[in-house]
Every structure is written in structure tokens, then in C-alpha cells.
Amino acid sequence: MQKIKKKATENTDVPGGKVLDWLILQFRQHPKSAVLTTSMLWGGMIILLHFYRIGYLPILALPDLFGVVLSAAAMGALLVLSVCFIMLIPGLALVHWARCGMGPRKNSVVREGKRPVFHWRYQNFALCTVAGAVAAALIYGALFASFDVWLEAVPWLITALVTAAGLCVGLIWVVADTDFGKRWVVDPSRCWWKFLLLQVLSYFFWWAYAALMLLFWANRTGWDMALNVVILLVLSVFLHLLMLAVSKRSARTKAVAVLGIVCYFTLATNSLTSWQSRIVAHFDLGEVSHVNLILDRTGCDAVNSAWSKRPCVVVQGGSPQAYLLYDVDLITRVGPFYVVGESGAVNDLEDRRLLRVAIKGDNVLGWSRIRSEKSPK
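The sequence shown runs 28 to 404 under this note's numbering.
Wrong hints could be hidden among the right ones.
Claimed, not checked - Quick list of in silico lysine-lysine cross-link-like pairs, DSS-like style, CA-CA up to 30 angstroms: (1) Lys336 <-> Lys387; (2) Lys59 <-> Lys275; (3) Lys336 <-> Lys275.
Read the hints as simulated data drawn from the structure, not as lab findings.
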């Protein structure tokens with residue numbers, strides 16, 4: 028009775044404790060629906076932040092609204108997948124090894140059928156985690172420098188290959204080095220160097236998704252790129268050690284600690300704004316600089332009447348009813364209008380002094396990005 032009363036007082040004393048307990052219960056009972064809802068909410072937040080930054084909220088028809096919802100769900104699923112891999116892979120491996128213990132088994136105890144647990148000190152697990160993270164960062168950095176051109180062209184392909192390789196190596200490790208084939212339970216080896224190698228493998232697998240986050244950030248050359256790598260590595264190692272520290276606490280404490288460090292990581296690195304811009308541009312929804320628009324006569328007349336400095340021209344060798352609007356910034360195309368601006372409008376969306384023109388989507392025949400000529404390396 029005293030334990031029940033103590034739990035009841037804990038639930039009432041903590042602000043928002045019942046709501047957090049209900050959310051944890053929903054994630055446990057309905058994981059698929061919870062992940063889908065989280066993805067849609069996160070993606071919807073990105074879309075709303077996009078509208079807030081450009082100062083434009085369109086009135087969407089039902090088909091447009093359905094398309095925006097699907098795009099928001101895809102964006103949210105991408106971010107949820109990345110954050111889950113960042114949180115779960117090395118952190119859960121660390122927690123599992125710490126719970127199972129580390130150290131040699133005694134022959135006499137093994138003959139008796141007992142299963143002793145030899146726990147390391149917390150500092151040893153922390154040192155192995157830091158060493159594994161740094162070693163994986165150096166290995167992935169060497170690969171990143173070797174396949175720089177490939178990563179710029181097809182980063183998703185590199186991530187898929189590294190993911191497949193990590194899964195294969197991890198599966199071979201589990202089957203060959205544990206009792207998984209006999210008891211379907213992962214019983215880790217009790218040697219520190221094997222734990223270190225597995226942490227290196229976990230962080231190498233983790234870097235496949237962390238590299239995508241780095242590509243979403245700003246300039247990836249020079250000191251900025253190195254600083255971003257250091258920030259991401261330090262915060263992630265701190266997150267995984269925090270998962271180990273709260274592994275024996277209640278589910279509420281785990282959720283608050285993990286969500287708190289993720290929110291701090293998002294705000295400290297200004298990832299919310301940078302991810303929003305890169306993701307919206309990646310899905311071609313807006314914030315795309317240097318594009319060409321092909322308009323019909325009505326759309327061209329609307330642009331010429333509002334924007335005399337950038338007149339439309341007839342497309343050479345094409346239909347006389349097709350007009351080219353050259354080198355403009357596509358601010359957004361979500362909704363019934365294409366909102367375009369002069370060159371540089373995407374880099375400073377908060378500057379309302381830059382001229383913007385709204386063109387009906389029915390008057391836009393097509394658009395394309397201007398291919399930038401890169402200097403050979």
C-alpha cells in the first residue's frame with residue numbers, strides 16, 4: 028500500500044506526469060501509429076515553419092492539402108528515422124552490455140549452471156564509448172574524403188551501402204559470437220576489446236545517417252565542417268552516456284532525459300531552421316534558388332505588369348505560346364500559386380523589401396534548376 032501511495036503521489040506531484048505516462052503507454056501499445064503520428068507532426072511543423080519564414084499562408088484545395096500531408100509525413104519519417112538511428116544504435120548497445128556485465132566467467136560457476144554478472148565501472152564503459160566513437164569518426168572521415176564526389180552526387184546511395192554493410196557485419200557478429208542461434212537471445216561476449224570493436228561498428232553504422240545531417244547543414248568545407256562534426260560527435264556521445272546513466276530509472280525519467288538532450292541538440296546547433304530549408308528544397312517544395320520558369324501568355328503578362336525589370340522572353344525553338352522567366356528564386360510552390368522572387372530572396376527570406384510575384388500554378392508550364400558549373404577538384 029505504501030508503494031502504491033508513493034507512486035500515486037509521484038504522478039500527481041510531477042507537472043504533466045499523467046500526460047507523459049499516457050504518451051509512453053501509447054508508444055508501447057501502438058508503436059506504428061505513434062511513429063506515423065510523430066512523423067506527420069514533425070513534418071507538419073517543418074511546413075508551418077516554412078510558411079512562417081516566407082510570410083505566406085496559402086489556401087489549399089483538398090488535393091493540394093493531401094499532397095502537403097504526404098510530403099510532411101515523408102519529411103517527418105526521414106527525421107524520425109535519422110534521430111532514432113542516432114539515439115538507438117550505440118546507446119542501446121552500451122546499455123545492453125552494461126546490464127549483461129563484463130569480465131571472465133569462472134569455470135566452477137559455469138559448471139554449476141549459474142550465470143554471474145561482472146559489472147565494469149561506469150568510467151570504463153564511457154572510455155570505450157568515446158574511443159569507439161572517435162575511431163569510427165576517423166574511419167568514416169577517411170571514406171568521406173575518398174568518396175567526396177560520390178557523396179555530393181548520391182548521398183543516399185552511400186548511406187544505403189554503408190547501412191547494408193553494417194547490417195551484414197552486425198548479423199555475422201551476433202550469430203557467430205553469441206548464443207543467439209541456440210536461445211534466440213543476444214548474450215554479448217564478456218571481453219572489453221570485443222565490446223570496443225562493436226562500439227566502433229555501431230558508430231560507423233551511425234555515421235551513415237549522421238553524414239546526411241551534416242549535408243543538411245551549411246557550408247561543408249573548411250573549419251565549419253570540422254566544427255559541425257565535433258559538435259555532432261560530442262553531443263551524441265553525451266546522449267548515449269546519458270542513456271546509460273538513466274537506464275535503471277523509470278520510463279518517464281528516460282523519456283524526459285532523452286527528449287531533453289535531443290531538443291537541446293536541435294536548438295544548440297540551429298538545426299531546426301537549416302534542416303527546414305534543406306528538406307523543403309530537397310523535396311522541391313520551395314526555397315530553391317536559381318530556377319527557370321516556363322510560363323504561358325497569361326502568366327508572362329502578369330509577371331511583366333508587376334516586374335518590369337525581369338521581362339519574359341519567348342522560348343527559342345519552342346512554341347510561341349511558351350515564355351521563359353530566367354534565373355529567379357522559387358520561394359514556394361505549395362498551394363495554388365508559385366511565389367517567385369529576385370535572385371537572393373531565398374538567402375534572406377525575412378527581408379520583405381525584396382520583390383515577390385505570385386503566379387498561378389495553371390499558368391506555369393514547367394520549371395527547372397539552373398545547373399551550376401563546379402570547378403574541377
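Verification of the supplied hints:
no. : hint              : verdict
1   : Lys336 <-> Lys387 : holds (20 angstroms)
2   : Lys59 <-> Lys275  : holds (26 angstroms)
3   : Lys336 <-> Lys275 : violated (66 angstroms)
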